[in-house]
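A.B. asks: The listed protein sequences correspond, in order, to chains A and B.
The opening residue of the first sequence carries number 1 in the working numbering; numbering runs sequentially from there.
The opening residue of the second sequence carries number 1 in the working numbering; numbering runs sequentially from there.
One or more of the hints may lead you astray.
Unchecked claim - Here are the computed lysine-lysine pairs in the BS3-like style, where the Cα-Cα straight-line distance is at most 30 angstroms:
1. A/K38 to A/K71
2. A/K5 to A/K71
3. A/K5 to A/K54
4. B/K13 to A/K54
5. B/K57 to B/K13
6. B/K57 to A/K38
7. B/K13 to A/K56
8. A/K54 to A/K68
9. A/K71 to B/K13
10. A/K68 to A/K5
11. A/K111 to A/K38
12. A/K56 to A/K111
13. A/K68 to A/K56
14. A/K111 to A/K5
15. A/K71 to A/K54
16. A/K38 to B/K13
17. A/K38 to A/K68
18. B/K57 to A/K68
Treat the hints as calculated values from the structure; they're not laboratory data.
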Amino acid sequence: DQQVKQNSPSLSVQEGRISILNCDYTNSMFDYFLWYKKYPAEGPTFLISISSIKDKNEDGRFTVFLNKSAKHLSLHIVPSQPGDSAVYFCAGSRNAGNMLTFGGGTRLMVKP
Amino acid sequence: KAGVTQTPRYLIKTRGQQVTLSCSPISGHRSVSWYQQTPGQGLQFLFEYFSETQRNKGNFPGRFSGRQFSNSRSEMNVSTLELGDSALYLCASSFYRGDTDTQYFGPGTRLTVL
Numbered sequence: 001d002q003q004v005k006q007n008s009p010s011l012s013v014q015e016g017r018i019s020i021l022n023c024d025y026t027n028s029m030f031d032y033f034l035w036y037k038k039y040p041a042e043g044p045t046f047l048i049s050i051s052s053i054k055d056k057n058e059d060g061r062f063t064v065f066l067n068k069s070a071k072h073l074s075l076h077i078v079p080s081q082p083g084d085s086a087v088y089f090c091a092g093s094r095n096a097g098n099m100l101t102f103g104g105g106t107r108l109m110v111k112p
Numbered sequence: 001k002a003g004v005t006q007t008p009r010y011l012i013k014t015r016g017q018q019v020t021l022s023c024s025p026i027s028g029h030r031s032v033s034w035y036q037q038t039p040g041q042g043l044q045f046l047f048e049y050f051s052e053t054q055r056n057k058g059n060f061p062g063r064f065s066g067r068q069f070s071n072s073r074s075e076m077n078v079s080t081l082e083l084g085d086s087a088l089y090l091c092a093s094s095f096y097r098g099d100t101d102t103q104y105f106g107p108g109t110r111l112t113v114l
């Protein structure tokens, strides 16, 4: 039972363009969502989060959008940089707790 | 501020053995969570400890256990290792203020079971 799904295993984008990573969830009890990025041989690094009471949160080049009715969230990276190349995971939690349910990840490749 | 540290970074064991992994959280963080990452199942939550008490537990067999010490350091133990336990084990710490919280991950311990 995959409660969080990232349907695109990989995404390739040109440097300077927008990267859009998508995530769908099925558990309507999730009230807090996070995005992490992961480089090989390192642990996931926190990027940005959003509470279910909001529909948008921005932090520099990163913006997360939440569509509760569609149970869908997306991460926008503008402009994309080669250093953004990594695997991106979205995760959801209930009661904003620390028991995170992760999606399978999307590998982003930003080409110079 | 030092990040989350995990030891050892790499470990090779054989089936039937047991293993103990260690995690030191970021200074001041009181919550420690453990996750398993495998190619087939992805990142899965194992358990969370807060103030030396297990607060949440994922869907893993009883062979997986953990504990937390008074200084917030945590260990996880896997007994009677199986080939399928080969994975990257990640530890994450957070301050836990009772509301929205952010977990910071360590680099992981790569366990190989032969």
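A.B. asks: Hints first: check each against the structure and report whether it holds.
C.D. replies: Right, here's what the structure says about each hint:
1. For the proposed pair A/K38 and A/K71, the alpha carbon gap of about 24 angstroms is at most 30 angstroms, so the pair holds.
2. Restraint check for A/K5 and A/K71: satisfied, since their Cα atoms lie roughly 11 angstroms apart, inside the 30 angstroms limit.
3. For the suggested pair A/K5 and A/K54, the alpha carbons sit about 21 angstroms apart, so the restraint of at most 30 angstroms is met.
4. Taking the CA atoms of B/K13 and A/K54, the gap is near 46 angstroms; set against the 30 angstroms cutoff, the hint is violated.
5. Annotation: proposed proximity of B/K57 to B/K13 holds, straight-line Cα distance about 25 angstroms (limit 30 angstroms).
6. For the given pair, B/K57 sits about 24 angstroms from A/K38 by alpha-carbon distance, which is consistent with the 30 angstroms threshold.
7. Simply put, B/K13 and A/K56 have alpha-carbon atoms about 46 angstroms apart, too far for the 30 angstroms limit, and the pair is violated.
8. Our distance criterion of 30 angstroms between C-alpha atoms is met by A/K54 and A/K68, whose separation comes to about 9 angstroms.
9. At roughly 42 angstroms between alpha-carbon atoms, A/K71 and B/K13 are farther apart than 30 angstroms, so this suggested pair is violated.
10. For the given pair, A/K68 sits about 15 angstroms from A/K5 by alpha-carbon distance, which is consistent with the 30 angstroms threshold.
11. Note on A/K111 and A/K38: the hinted pairing holds, with a Cα-Cα distance of about 18 angstroms set against a maximum of 30 angstroms.
12. With a C-alpha separation of about 27 angstroms, the suggested pairing of A/K56 with A/K111 holds against the 30 angstroms cut-off.
13. With a C-alpha separation of about 11 angstroms, the suggested pair A/K68 and A/K56 falls inside the 30 angstroms cut-off, and the hint holds.
14. Note on A/K111 and A/K5: the hinted pairing holds, with a Cα-Cα distance of about 25 angstroms set against a maximum of 30 angstroms.
15. As the CA atoms of A/K71 and A/K54 are separated by approximately 13 angstroms, the hinted pair is consistent with the 30 angstroms bound.
16. With a CA separation close to 26 angstroms, the supplied pair A/K38 and B/K13 stays within the 30 angstroms bound.
17. Using a Cα cut-off of 30 angstroms, the hinted pair A/K38 and A/K68 holds, with the two alpha carbons roughly 26 angstroms apart.
18. For the proposed pair B/K57 and A/K68, the alpha carbon gap of about 27 angstroms is at most 30 angstroms, so the pair holds.
The structure fails hints 4, 7 and 9 (numbered hints given earlier, in ascending order).
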